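Enquirer: Chains as they are written, first to last, in the working numbering: chain A, 1 to 96; chain B, 1 to 96; chain C, 1 to 462; chain D, 1 to 462.
These are computed hints drawn from the structure, not numbers from a lab.
Fair warning: this is a prediction, and the values are worked out from it, not measured in the lab.
Heads up, a few of these hints could be off.
[Said to hold, decoys possible] Restraint-style ranges between C-beta atoms, simulated for each label pair: (1) PRO374/D - SER25/A: 14 to 22 angstroms; (2) PRO374/D - SER22/B: 27 to 35 angstroms; (3) ARG28/D - SER55/B: 55 to 63 angstroms; (4) GLY42/C - PRO362/D: 18 to 26 angstroms.
[Claimed, not checked] List time: in silico DMTMM-like cross-link candidates among lysine to aspartate or glutamate, alpha-carbon distance up to 20 angstroms: (5) LYS82/D - GLU86/A; (6) LYS82/C - GLU2/B; (7) LYS113/C - GLU59/B; (8) LYS23/A - ASP370/D; (9) LYS23/B - ASP370/C; (10) LYS82/C - ASP82/B; (11) LYS289/C - GLU149/C; (12) LYS23/B - GLU368/C; (13) LYS82/D - GLU59/A; (14) LYS23/A - GLU368/D; (15) LYS396/C - ASP370/C; (16) LYS23/B - ASP438/C; (17) LYS23/A - GLU258/D; (18) LYS113/D - GLU59/A.
Heads up, the beta-carbon is just placed ideally off N, CA and C, and yes, glycines get one too.
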Amino acid sequence: MEAIAIISIFVLAVFVGFEVVSKVSSTLHTPLMSGANAIHGVILVGAIIVAERSSSTMELVLSIIAVVLATINMVGGFVVTDRMLEMFKDKNRAGK
Amino acid sequence: MEAIAIISIFVLAVFVGFEVVSKVSSTLHTPLMSGANAIHGVILVGAIIVAERSSSTMELVLSIIAVVLATINMVGGFVVTDRMLEMFKDKNRAGK
Amino acid sequence: MNSFLYDIIGLIAGVCFILSLKGLSHPRTARRGNLLGALGAGIATVIVFFRADEERASSSNLYWILGAIAFGVLVGVPAARKVQMTAMPQLVALFNGVGGGAAALVSIVEYMKLGASASTAEVIATVFTVVVGCVSFSGSIVTFLKLQELMTTRPVIFPGGRFVIAANLVAVLAVAGWVISALGTNPLLILAALSLLFGVLFVLPVGGADVPIVISLLNAFTGLTVAASGYVLQATLLIIAGTLVGASGTILTRLMAEAMGRSLFGTLFGAFTAKPQDSGGAAETRPVKSGTADDVAILLNYARRVVIVPGFGLAVAQAQHTVRELADLLSAKGIDVAYGIHPVAGRMPGHMNVLLAEANVPYEQLSEMDEVNPTFPQTDVALIIGANDVVNPAAKTTPGCPIYGMPILDVAQAGNVIFLKRSMRPGFAGIENELLFDPKTTLLFGDAKASLTKVVSALKAL
Amino acid sequence: MNSFLYDIIGLIAGVCFILSLKGLSHPRTARRGNLLGALGAGIATVIVFFRADEERASSSNLYWILGAIAFGVLVGVPAARKVQMTAMPQLVALFNGVGGGAAALVSIVEYMKLGASASTAEVIATVFTVVVGCVSFSGSIVTFLKLQELMTTRPVIFPGGRFVIAANLVAVLAVAGWVISALGTNPLLILAALSLLFGVLFVLPVGGADVPIVISLLNAFTGLTVAASGYVLQATLLIIAGTLVGASGTILTRLMAEAMGRSLFGTLFGAFTAKPQDSGGAAETRPVKSGTADDVAILLNYARRVVIVPGFGLAVAQAQHTVRELADLLSAKGIDVAYGIHPVAGRMPGHMNVLLAEANVPYEQLSEMDEVNPTFPQTDVALIIGANDVVNPAAKTTPGCPIYGMPILDVAQAGNVIFLKRSMRPGFAGIENELLFDPKTTLLFGDAKASLTKVVSALKAL
Ligand SMILES: NC(=O)c1ccc[n+]([C@@H]2O[C@H](COP(=O)([O-])OP(=O)(O)OC[C@H]3O[C@@H](n4cnc5c(N)ncnc54)[C@H](OP(=O)(O)O)[C@@H]3O)[C@@H](O)[C@H]2O)c1
Ligand SMILES: NC(=O)c1ccc[n+]([C@@H]2O[C@H](COP(=O)([O-])OP(=O)(O)OC[C@H]3O[C@@H](n4cnc5c(N)ncnc54)[C@H](OP(=O)(O)O)[C@@H]3O)[C@@H](O)[C@H]2O)c1
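This is chain A alone, in the form it adopts within the complex:
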């Protein structure tokens, strides 16, 4: 992909990232942080790609470790965020 395309995507994504969270209330800071944290677990995709390509044992070991770590990040992140938000659901119900 051309450099300018990548830079454009990067710049636009920065704006999207800024805008979507800029109005969050402080109550949601932790779940938001935790959810964003889970999203970067998508590095799992990268880990899988390098693991598939690995030819030496060294490469394979490192990339398999990366797969494990990324999976923990992604799966654990979404589960823990959901647990936090479970309680908010109750709150909304109680608030109504």
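Dock chains B, C and D with the ligands against the given chain A, drawing on the hints supplied.
Expert: Chains B, C and D with the ligands alone, transformed into the frame defined by chain A:
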């Protein structure tokens, strides 16, 4: 540029466009519309590009018309928006 | 210029546009936002002359181009500077239309150049630009004519209209398919002509009151055409800028429609489904209670709370300063004065705010519709100055009338209603206002500014 | 799978992430937002196995990979499910750290593969990923240790600390330059080691109270490393997802710091500029007024307004249900009860809201700091349950202490102050609370839940 790059840029720009204006107060609807209108006057860039490349008279005439129209759109748009907003400045002052 | 550098500067211009829209969404930063947008547009226009492009360097068309730009500036700037406050919406419509036209022309010329070498995706993008650009162009011209009152502001519906428009649409799609499959410049020009016609037919049935919504929609359309021509020309900046305008314009259209209590669908196609109404000429022979400036002054003098409802007529009469004088006078007498601002009073959203701000009316006295409506039962006098549709109860009571469903200012709940207008003529939407015949209504005929001046002197004399 | 299709599905996953963050910003849509994010991640993970890639098809590593994923799930899910509410922040820190570590490993392996064929831009991106990923990894581990109280929560400062950290930074930069110019796997591993050390040194001096801010910052860092490795791997989705997290994480970090009344700079480098404080062991011999549950019940019984200030101890004692019982009892007696929620009470932002919501405390009774502070002068009793730092006047009076500048709940203005805690030990920030020695303060020692249960029975007996 690759198709996926263009599509990504398009999708991200859609989100940016949605997000940045989604909280506008109704007082600013007209200036915002007018300002956005001026921004699409940037088609002037496209008009200049095709005018430069024009070889036949037909092409040149059409593209020169496009340059005129786009210039009116862009320059007139920003000027009229500024005139509208001039009055808001007064309001802010009076409001304080 | 190095092509990477060129692209980066283009991206910076794109960022200017994003920040511009962001700025324009907040009163405090709106003006700066607009200037940022102008900066971005300026950068983009200047650097295009410095890009690395073989065809460019050899171009002898430069003088034509510079001349055309100069001409455009000479037309655009004075028009924008001299336009009256009341006529700004139609100017915006016109600017939008020429932008759409320019995008269509750019695509047509590029298509002539590319010819058979264009990829299918490029041809589709070209067809899109030509269709939507032409619709935006001719549609905007019609909205201009409506707003300028060079033609009727009522929905224009002719027998079988919906079949004509459907046939037109089918023709557009068929020719578009033809262009995509067979290629060729002539079909493209036919397509352009059909699209121009479609733009006219599309906007004609829209009631005048919904025109700003349509302008906003056409504005979003133009944005998308610019994005599509950016794709054909491989200009990332045009893609970004066009998409931004397309997306924000779509949201804005929805927000506007909401502010007027209309659905977007109803706006565009309402005239086809609703039965046409005539304004009921018979009603105009009914008696009304008209008063003098002195009567109005007395009513105001003994009120505890007065709500002033300004409308388009206030703008026409340029009476904003006189209104302020009256309000100050009433406040000095200890009367509680507020302005009830309807979101679509006047001819563009925010029109009244702009006008009253110009007269230095303190911001706190301006109440939005939702705030002021619950206070009408405690209001002694509702003073309606050059407004009509925004207080017309038909919006609640008469299904099928052009403003049906629009939220209105509930002035009928006030103790007394005073109308300042010149005649019994209806407002923009062209429908009779029953409230004019209400027993608690007093009419003071005449130009708003003249009437107000009289009321002010009468009040001072009391 | 066709590579265009693959890219488009990847983009859809990216859109899921955008909508996820958007959803997470509003209470009503937060849960759905999180599920959307999980959906996007799931899509991305599944399709990567179906992409058109020669190296992929021939890969015999598939079983290893699937096994590793299964193992990761087996570790991650139970950890996330079983963690106590009070320990969630450190779990998030840990998850963030392993993500950063994964990104660094991916870049290292890719670099081994590319070797000398990598372009300079790719090498720079690799170096960036390794440095920032390692900092995020080791930094997160240290925040984990701090929050889990496996090490002191106070700022750790050693003599010459700022020189060590500066030297470390210089070394990182120098080796980074070396890798970029000379290439080679070994320098990259040295760089990783130096970066790991830097992460530790970077977080050690941060005071415990500022740890959530640092977690959020490291989270943003990890996002950026993912974007950079997306560049190296030419995976658009990683670029989009990583940038999104990087940008939103940066804003979130700033918002959090604002909520705690801290500047980001002060958070990170405050410990270097402030003088270290000791907790003043001498003060602990001063007399305090401790009471019984009956004393507390009487004070509460004759109050007209009570503000309950919950803190971390409430979470530890799991006393939220008992608190609710007490509040209901007081309300039934006609006493005005409110909860004063400090934004950083507990161990994560929003901790108290979550906890009290779990106990079905009505939302309207929860007041934010800015709302409740002006009401303390009219409050008869401030009942502080397992909170300490958030009511510590040192934040106003003692420049240089770890919480200096943080806005606090002004309980000292209330008629009476009651502390429910187990001992005279200080709170998270490790500083003495002068308010404990105030004449109008009553201390009820013991576990928050046990104490509250006693107070409730005493109140019922009255
Ligand atoms: N704000 C927007 O975005 C926008 C844009 C386009 C259309 N519209 C539509 O415009 C309408 C706005 O409602 P509105 O109540 O403000 O205006 P209106 O319904 O158009 O009524 C204006 C009234 O002012 C009177 N008038 C005109 N010139 C006057 C003068 N010099 N002195 C005194 N009175 C004068 C007219 O009556 P006489 O002729 O008898 O004097 C007319 O009844 C709505 O239908 C709205 O949907 C709004
Ligand atoms: N919310 C966040 O985002 C976040 C994240 C990390 C750090 N922090 C920091 O954490 C602190 C939060 O302040 P805080 O006032 O909520 O908590 P705190 O200052 O840590 O005080 C908690 C108090 O609860 C008492 N306690 C502990 N267990 C108890 C039990 N079972 N029963 C009764 N009392 C118990 C402790 O005293 P005894 O030991 O004497 O019982 C302690 O004084 C702030 O410094 C904040 O900056 C906040």
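Enquirer: Taking the hints in turn, state whether each one holds.
Expert: Hints, verified against the model:
no. : hint                                   : in the structure
1   : PRO374/D - SER25/A: 14 to 22 angstroms : holds, 20 angstroms
2   : PRO374/D - SER22/B: 27 to 35 angstroms : holds, 33 angstroms
3   : ARG28/D - SER55/B: 55 to 63 angstroms  : holds, 59 angstroms
4   : GLY42/C - PRO362/D: 18 to 26 angstroms : violated, 56 angstroms
5   : LYS82/D - GLU86/A                      : holds, 14 angstroms
6   : LYS82/C - GLU2/B                       : violated, 46 angstroms
7   : LYS113/C - GLU59/B                     : holds, 8 angstroms
8   : LYS23/A - ASP370/D                     : holds, 18 angstroms
9   : LYS23/B - ASP370/C                     : holds, 18 angstroms
10  : LYS82/C - ASP82/B                      : holds, 13 angstroms
11  : LYS289/C - GLU149/C                    : violated, 30 angstroms
12  : LYS23/B - GLU368/C                     : holds, 17 angstroms
13  : LYS82/D - GLU59/A                      : violated, 33 angstroms
14  : LYS23/A - GLU368/D                     : holds, 17 angstroms
15  : LYS396/C - ASP370/C                    : holds, 16 angstroms
16  : LYS23/B - ASP438/C                     : violated, 39 angstroms
17  : LYS23/A - GLU258/D                     : holds, 13 angstroms
18  : LYS113/D - GLU59/A                     : holds, 8 angstroms
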